[in-house]
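Chains A and B, in that order, are what the protein sequence lines are.
Per our numbering, numbering of the first sequence is gapless, rising by one per residue and ending at 214.
Per our numbering, numbering of the second sequence is gapless, rising by one per residue and ending at 214.
By construction, these hints were calculated from the structure, which means they are not laboratory data.
Treat identical chains as interchangeable: a pair holds within one or across any two.
In silico DSBU-like cross-links for lysine-lysine, where the CA-CA straight-line distance does not exceed 35 Å:
no., residue 1, residue 2
1, 71, 131
2, 131, 141
3, 134, 26
4, 12, 26
5, 35, 141
6, 93, 134
7, 71, 213
8, 38, 131
9, 35, 134
10, 117, 26
11, 51, 93
12, 151, 134
2 protein chains.
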Amino acid sequence: MAYNLIIVDDHKMFLDGLLSILQSEKEYNILLTAKDGKHIAKYLQINPDEKIDLIITDISMPELDGIALNKIIKEQNKNIKTLIVSMHNDADKIDNLIEHGADGYVPKNAEKEELLKAITTILKGEKYFSKEIKDIYLENKFSKKQQEEVKLTQREIDVITLIAQEFTTQEIADQLFLSKHTIESYRKNLIAKLNVRNLAGLTKHALKMKYIKY
Amino acid sequence: MAYNLIIVDDHKMFLDGLLSILQSEKEYNILLTAKDGKHIAKYLQINPDEKIDLIITDISMPELDGIALNKIIKEQNKNIKTLIVSMHNDADKIDNLIEHGADGYVPKNAEKEELLKAITTILKGEKYFSKEIKDIYLENKFSKKQQEEVKLTQREIDVITLIAQEFTTQEIADQLFLSKHTIESYRKNLIAKLNVRNLAGLTKHALKMKYIKY
DNA sequence: ATTAATATCCCTGAAAACAGGGAGTAATGA
DNA sequence: TCATTACTCCCTGTTTTCAGGGATATTAAT
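When you get a sec, could you build the whole thing from the sequences and use the hints?
Shown next, in the form of structure tokens:
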């Protein structure tokens, strides 16, 4: 009996590539293809009993991306396997996908052979993650532990945000209706907490944490 | 007579997609495909007289990317047309490609129809740029005039880089074997030139210009 | 109920940054 | 060649930041 697959990718040419690879394999029956996750999510809702073995999906797509789609699929039916095939291998996204039970992840520059291996592995019920992906994942986990992420309070975030926006202590105090001494205390604490030396370090942290844009 | 094409892309699956689209069109003869620009550049050098009509290439590739490849192709033989098919549509890259005579640019999420249209248009001797690409290009030209890009000298870049790395004036002076007064002058000039108020502004600029990482 | 964390404010003294000048030499480009 | 730009250094004075303290009140957690 053939396996039923669904492919989701908004890149037409890439989709064609995948199709040309998979259609030459008789054991795979391509149920349908789609250009974004929304259609598939709807399809699954309408046809909850259809036998679907594997959904292959890109990450970056309009409307409903691969991250969200994977989550929806897994919430609805754990029996449907998911294989992520993506271009950019962002650590946070990989994290999210793994947490939500994605069964595999192969970068788009993978060889045909690796893709097929990923599919067969997943259909056997195992997980398949490319070496690159594993490396990124582990590297991320490791570095996160190293940096023992410092948590800032809301007030501290307010202050560091304004500092990074080039306001002086006095200006920040005026804006927040606080004493200049208070802001100075916060600045001092922030410098200690974040283990930086001065405004430059605070500014970098604010950018890294996306409290501000450039 | 069929047209001779070369396709360069390090994404196997994408390459397959392109091939499956083009091989169904009899008038296109795929001379060869490659996974990065280096091979093609070498090939052109060895076979300077081979009739090649069009090279379709991705931008991001290992070793020799599409930007460099386009430049090499155009320097060697202006008769060879180039069509860029890429994922990320970075304004600066588009700029560079157009300046070096690329004949077309289609994003990877384009439809098969648009791709074929781009190819036929280019083979007729015209240029083909997708609407998205044109928009990005024009938007960029426009905004660049607005912001009258400030150019920093090498020394200024040295100094702002160190400032953003949280070094004090004295430390920077020591590192660059300059007087502390000199560094102060540079800091002052940078603040004026970049129209910022303090270290925070300088740090943001250094990050934006990618002089430093977080 | 006691502790811990958060938020607020204050002080002193030193170091650094900021503002606004000037000035000489070397390199470079028109 | 002449003018501009880049690079270097200096001065004065003010403001801000940084480093080291301490203090009190409220809220949250144990």
